[in-house]
Structure formats: structure tokens, C-alpha cells
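Colleague: If you want the building blocks of each chain, they are given just below.
Protein chains: 2
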Amino acid sequence: MMAIGGAGLAATLPGEAAEAKAGAGAATVPAKVLHHVFFWLKDAGSTADRDRLIAGLRTLAAIPVIRALHIGVPADTEARDVVDGSYQVSELMFFDTVADQKAYQDHPIHRQFVADCEKLWRKVVVYDTLGV
Amino acid sequence: MMAIGGAGLAATLPGEAAEAKAGAGAATVPAKVLHHVFFWLKDAGSTADRDRLIAGLRTLAAIPVIRALHIGVPADTEARDVVDGSYQVSELMFFDTVADQKAYQDHPIHRQFVADCEKLWRKVVVYDTLGV
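Going line by line, the protein sequences match chains A and B.
Read in this note's numbering, the first sequence has 247 at position 109, and its numbers run on one by one without any break.
Read in this note's numbering, the second sequence has 169 at position 31, and its numbers run on one by one without any break.
Keep in mind that a hint or two might mislead.
Copies of the same chain look alike in the list, so a pair counts if it fits in one copy or across any two.
Lysine to aspartate or glutamate pairs mimicking EDC-like chemistry, simulated, CA-CA at most 20 Å apart [said to hold, decoys possible]: (1) K180 x E216; (2) K261 x D181; (3) K240 x E216; (4) K261 x D222; (5) K257 x D181; (6) K240 x D181; (7) K180 x D219; (8) K257 x E216; (9) K261 x E216; (10) K240 x D189; (11) K257 x D214.
Quick caveat, the hints were computed from the structure, so don't treat them as lab data.
All chains should be built: construct the whole structure from the sequences, respecting the hints.
Modeller: And the structure:
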């Protein structure tokens, strides 16, 4: 287990972490800036629309500043009041810096994704987070 | 850039990803199940309470089923309507399986963290996500 800035663990830079810890069997967090987006579809029950959105999200992987990408759907964890599993699709990206996140936002591939897919969703919630 | 299940990229298992890709300079997503928690403090302006919560979260790193941990605060990205930067602290964990996430939930270190720190927050929102 590797934690960025974890107690008793040396803080690591993203690139260093991936290289220093792999091979020892420890997983690493790819980079310090997270961009986590949750999508609620207009047609929440449409698997076709869900898959169209997922396909659109996969095109974003070509944007170089993205250090890692995780596309997901709600996991079948225990139902609890605090767990929001009402979204249909999510995207988590890692960036090295806030400037890289901005470069992604403005990248033509990202703009094309929005133009192609924004008709599919009714609501988007974004959390941008800096590792401490 | 490595994407789990990304178009044109081989899907990878978490452990394999970390070992196979590091050294080639590509970052990897540590595991398939994400558990992302956002905390709103009762005293939102208290850096002491924020730091107390962060210290509590760091103790969770000792729980073996956690494949990677990212503790964060809102990043200074562009202000947009869809971005929720109103929380004070976040925790992102990676697990290999939903069963591991449940084991974490029930782990004594996690229970101790909740007992020690729940007085600090007024609201928690959790997103559990399975990579596709």
C-alpha cells in the first residue's frame, strides 16, 4: 500500500511513485491532481446511451496530459445513506498539475467529446482534488 | 497514459498494470474498485479540524486491502457551475474487489477512525465505482 503523504511513508512525486514502488508489488496513485466527473443520463435506463457515453470517454485517453484514466459505473457495494449510486457513468482522471487539468479542459479531443456526447446527460458533477 | 479497458489499449489487472507499465513512464490506475468520499466539516473554516480529519484518514493506510490511497482538498481549478468545491477533505481508495471494500468498511482501524473523527463532519458523500 502506498499513500501520497501517508503517515510514516515518504511523500512521493507522481512519476517517481510509479517507478520507485512498482515491482515491489505496491500499487501507487498515478498523480496528485484528481478530476472526478459523475454523469446522470437523460435516459437513465438506456444501456445504449450509457455505452455511447463510455465510448466517448474512451477517446479522451489520447490526451497526453492525462496520467491515468478510470471509467466506471456504480459498484455493487453495500447500500448506505451516504452512498450516492444514482449516477450512470463516471470518469476519474489524474493530472500532475492544475495547469495540466486546464490544458485537458481546452484540448480539441475533449471539446469534441463534449460536442458529441453532451446531449446524452442531464446532470454532471465534478470534483477536482489536490493531494495533500 | 494507461486506461483500464481504454479503446485500443489492452485491459490490465491492477497488480499487473503497476508492474508492467512502471519504468516505461506510463502511470497506471492501481485497481478497479474506487471508493471516493467527500467530507464537509461542521466547522468548515477550521484548519485544525481539517488537519485532524486528514491525520485520521492517514491511519487508514495501514489497512491491507487498500491498494492505494489519495487524501485531498479542493484543487484550485477553474470555477465552473458543474464543479463542486464546497467540501473540505476527500479520500479516494482503490480496491481490487467489492469484497475488499467491504472488508475495509468493517476493519477495526476504519471503525476507530469513524469513532475518533465523526464528530468533525456534518455531511459525507460516497461514490463507489467499478471500472469498465
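Colleague: For each hint, tell me whether it holds in the structure or not.
Modeller: Consistency of the hints with the structure:
1. K180 x E216: neither (26 Å within a copy, 26 Å between copies)
2. K261 x D181: within (11 Å within a copy, 29 Å between copies)
3. K240 x E216: between (35 Å within a copy, 8 Å between copies)
4. K261 x D222: both (14 Å within a copy, 13 Å between copies)
5. K257 x D181: Intra 10 Å, inter 39 Å, cutoff 20 Å: intra-copy only.
6. K240 x D181: neither (30 Å within a copy, 31 Å between copies)
7. K180 x D219: Only across copies: K180 and D219 sit 19 Å apart there, 24 Å inside one copy, limit 20 Å.
8. K257 x E216: Result: close neither inside a copy nor across copies, 32 Å intra and 23 Å inter.
9. K261 x E216: Between copies only: 19 Å across chains, 24 Å inside a chain, cut-off 20 Å.
10. K240 x D189: Answer is neither; intra-copy 26 Å and inter-copy 28 Å both fail.
11. K257 x D214: neither (27 Å within a copy, 28 Å between copies)
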